[in-house]
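Number of protein chains: 2
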Amino acid sequence: MTTFEFDADTAVVPVDAGAGRWRATITPRFNVGPNPNGGYILATMLRPLFETIGKPDPLTVSAHFLRPTTVGEADIDVDVFRTGRRHAHAEVRLVQETERVRAIAAFGDLAAAEGRTLVRGAPPELPPPDECIVRRPVIDIGQPAIMDRFETRFAPSTPWILGEPSIDTAVTGWIRFADGRPADVASLPLFADAFPPAVFALGRAGWVPTIELTVHVRARPAPGWLRARFETRFLVDGYLEEDGELWDEDGRLVAESRQLAMLLQP
Amino acid sequence: MTTFEFDADTAVVPVDAGAGRWRATITPRFNVGPNPNGGYILATMLRPLFETIGKPDPLTVSAHFLRPTTVGEADIDVDVFRTGRRHAHAEVRLVQETERVRAIAAFGDLAAAEGRTLVRGAPPELPPPDECIVRRPVIDIGQPAIMDRFETRFAPSTPWILGEPSIDTAVTGWIRFADGRPADVASLPLFADAFPPAVFALGRAGWVPTIELTVHVRARPAPGWLRARFETRFLVDGYLEEDGELWDEDGRLVAESRQLAMLLQP
Chain A
1 MTTFEFDADT AVVPVDAGAG RWRATITPRF NVGPNPNGGY ILATMLRPLF ETIGKPDPLT
61 VSAHFLRPTT VGEADIDVDV FRTGRRHAHA EVRLVQETER VRAIAAFGDL AAAEGRTLVR
121 GAPPELPPPD ECIVRRPVID IGQPAIMDRF ETRFAPSTPW ILGEPSIDTA VTGWIRFADG
181 RPADVASLPL FADAFPPAVF ALGRAGWVPT IELTVHVRAR PAPGWLRARF ETRFLVDGYL
241 EEDGELWDED GRLVAESRQL AMLLQP
Chain B
1 MTTFEFDADT AVVPVDAGAG RWRATITPRF NVGPNPNGGY ILATMLRPLF ETIGKPDPLT
61 VSAHFLRPTT VGEADIDVDV FRTGRRHAHA EVRLVQETER VRAIAAFGDL AAAEGRTLVR
121 GAPPELPPPD ECIVRRPVID IGQPAIMDRF ETRFAPSTPW ILGEPSIDTA VTGWIRFADG
181 RPADVASLPL FADAFPPAVF ALGRAGWVPT IELTVHVRAR PAPGWLRARF ETRFLVDGYL
241 EEDGELWDED GRLVAESRQL AMLLQP
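These protein sequence lines are chains A and B, in that order.
The first sequence begins at 1 in the numbering used here and counts up by one.
The second sequence begins at 1 in the numbering used here and counts up by one.
In case anyone wonders, no lab produced these hints; they're calculated from the structure.
Hints are not guaranteed to be accurate.
Stated by the list, open to error - Computed Cβ-Cβ distance ranges for the label pairs, DEER-style:
hint : chain 1 : residue 1 : chain 2 : residue 2 : range
1    : A       : Val95     : B       : Pro209    : 29 to 39 Å
2    : B       : Gly203    : A       : Glu164    : 42 to 52 Å
3    : A       : Thr70     : B       : Gly72     : 42 to 52 Å
Stated by the list, open to error - Computed, partial: chain B to chain A, Cβ under 7 Å:
hint : residue
4    : Thr60
5    : Val71
6    : Arg100
7    : Thr117
8    : Pro209
9    : Ile211
10   : Arg258
To be verified - Covered, in the sense of this in silico footprint (three residues per stretch, anywhere, with C-beta under 8 Å from a C-beta of chain A), are these stretches of chain B:
hint : stretch
11   : 31-37
12   : 46-54
13   : 88-99
14   : 171-180
15   : 214-222
These numbers were taken from a predicted model, which means no experiment stands behind them.
Where is the CB? At the ideal position from N, CA and C, for every residue including glycine.
Just chain A, same shape as in the assembly:
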């Protein structure tokens, strides 16, 4: 039986079930420079919930990144503080000596959802993956390890990926796991943070620390490529939001994301 990278790298073991304490080993395989990617950390923090919260889908997850995380062991403290008929809410803290990330999540069951549907948005228009840009972004902080975890194809309309600065701080493209693992609701919070930041269009590629990241999982993805669109519309005095959409091969929106981050001067 194959163990995919994502499942191995986000694995958690209970160390004190009564106290809600789990342990993870943060690997360097999702690093951006010396630090693990925030989406990877968040996906790892959610792993215990899939086993304990009693609902299958992370409908909305918000994480506050307090301090950089590091490669190595981490305690994950879980508190399911509200269980209702439709939704269950939990808080999760990632501790490496001190608390580094705090998240709150609401889980539900998308398969049991009933109600009206009206879709006014559409997936980004993209050429087929083999007509998109394979070349990796030119950035100042070395080749991030995280990029080896995915196959990523950037739209030809995003020339900054090839190193030509632009004020069009947006990026669209295809993405899937490099080892063939299908996307699912557990990995969507990682996919929501797996593209190079759209603000890199400006050509000042460096560390863009996330302050807060919220991901809404809207549907369970079909197997295959995801279409992604990320955009920063408001960069003000170094603070920026980045909005993301992920769509599956059936043309369904599977996740929306928004983060508040900072563009540190290089």
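With chain A held as given, fit chain B onto it using these hints.
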């Protein structure tokens, strides 16, 4: 000295400073039907932080609404769990017999922010307030008390405000406090939830319970009207997101919001 409605209705008193416990009296003046508006509750929960957290601006605030809140006394439990140089993070719980709302917030100082600025969005185009629609929305659950707290002028391009259903689930307009209180960073989380839900365009106006609401405060507003734009792009099996933008009279984006909510069948 005048006490404005917002300041009176969100007032908090410390009851156990060492434990971080405050008390508020939730008034009926921001009700929608029998329950207080979520933005009002969130603004009330943030009030203790302005006195204790040591930073002036709520950069990002996420609230999970666990159970309906009610008019009357509420305990507000505050834990400032991380104080850094730039940002301080806190968790706040609103308790009425049991926990009803949990929020996490990151505060900072927008006046001290330094870095690049690039604004790619623009405020909604609106006729002057006196050429907009004053008439209140036609909704099924009675005239919400919250509407008396604001002066609201809806764009003529949103005919559903007058009772004509539309699949254009968006609304733009002007808003300010009815009693002349200027908007500020403390009241922006309320303004971000103060318009009728954009999904009311569909003509099935009822209760739209918020599961999670996140507000980013991006600038301190100038005095005067706010321009607002709210939109729901994805209503799927009854779950919807609503994205909002608030702009001040100087044409600056002052807040972005996104909530995950449900459209309950009437």
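Okay, the hints, checked on the actual structure:
One distance hint, 29 to 39 Å for the beta-carbon pair Val95(A) and Pro209(B), holds here, with the actual separation near 33 Å. The hinted window of 42 to 52 Å between Gly203(B) and Glu164(A) holds, with their beta carbons roughly 48 Å apart. In this structure the hint that Thr70(A) and Gly72(B) lie 42 to 52 Å apart at CB holds, the actual value being about 46 Å. For Thr60(B), the suggested interface contact is upheld, since its CB lies about 4 Å from the closest CB of chain A, less than 7 Å.
Below 7 Å, beta-carbon pairs count as interface contacts, and Val71(B) has none with chain A, the closest being about 21 Å; its hint is therefore violated. Contact between Arg100(B) and chain A, as hinted, is not supported at the beta carbon level, the nearest pair being about 9 Å apart and thus beyond 7 Å. Restraint check, Thr117(B) versus chain A: the minimum CB separation of about 5 Å is within 7 Å; hint holds. This hint is violated: Pro209(B) has a C-beta 10 Å from the nearest C-beta of chain A, more than the 7 Å allowed.
Checking Ile211(B) against chain A by beta carbon gives a least distance of about 6 Å; that is within 7 Å, so the hint holds. The restraint placing Arg258(B) at the interface with chain A holds, with a minimum CB-CB distance near 6 Å, inside the 7 Å limit. Counting residues of the stretch 31-37 of chain B whose CB lies closer than 8 Å to any CB of chain A gives 0, which falls below the minimum of 3, so the coverage claim is violated. Figure legend: the stretch 46-54 of chain B, annotated as covered by chain A; annotation inconsistent (0 residues with Cβ-Cβ distances under 8 Å, at least 3 required).
Closer than 8 Å: that is the beta-carbon criterion, and the stretch 88-99 of chain B has 3 residues meeting it against chain A, so the requirement of 3 holds. Only when three residues or more bring their CB closer than 8 Å to a CB of chain A does the claim for the stretch 171-180 of chain B stand; here the count is 0, and the claim is violated. Chain A is given as covering the stretch 214-222 of chain B, and this holds because 4 residues of the stretch bring a CB closer than 8 Å to a CB of that chain, at least three being needed.
Violated hints, in rising order: 5, 6, 8, 11, 12 and 14; the structure is consistent with all others.
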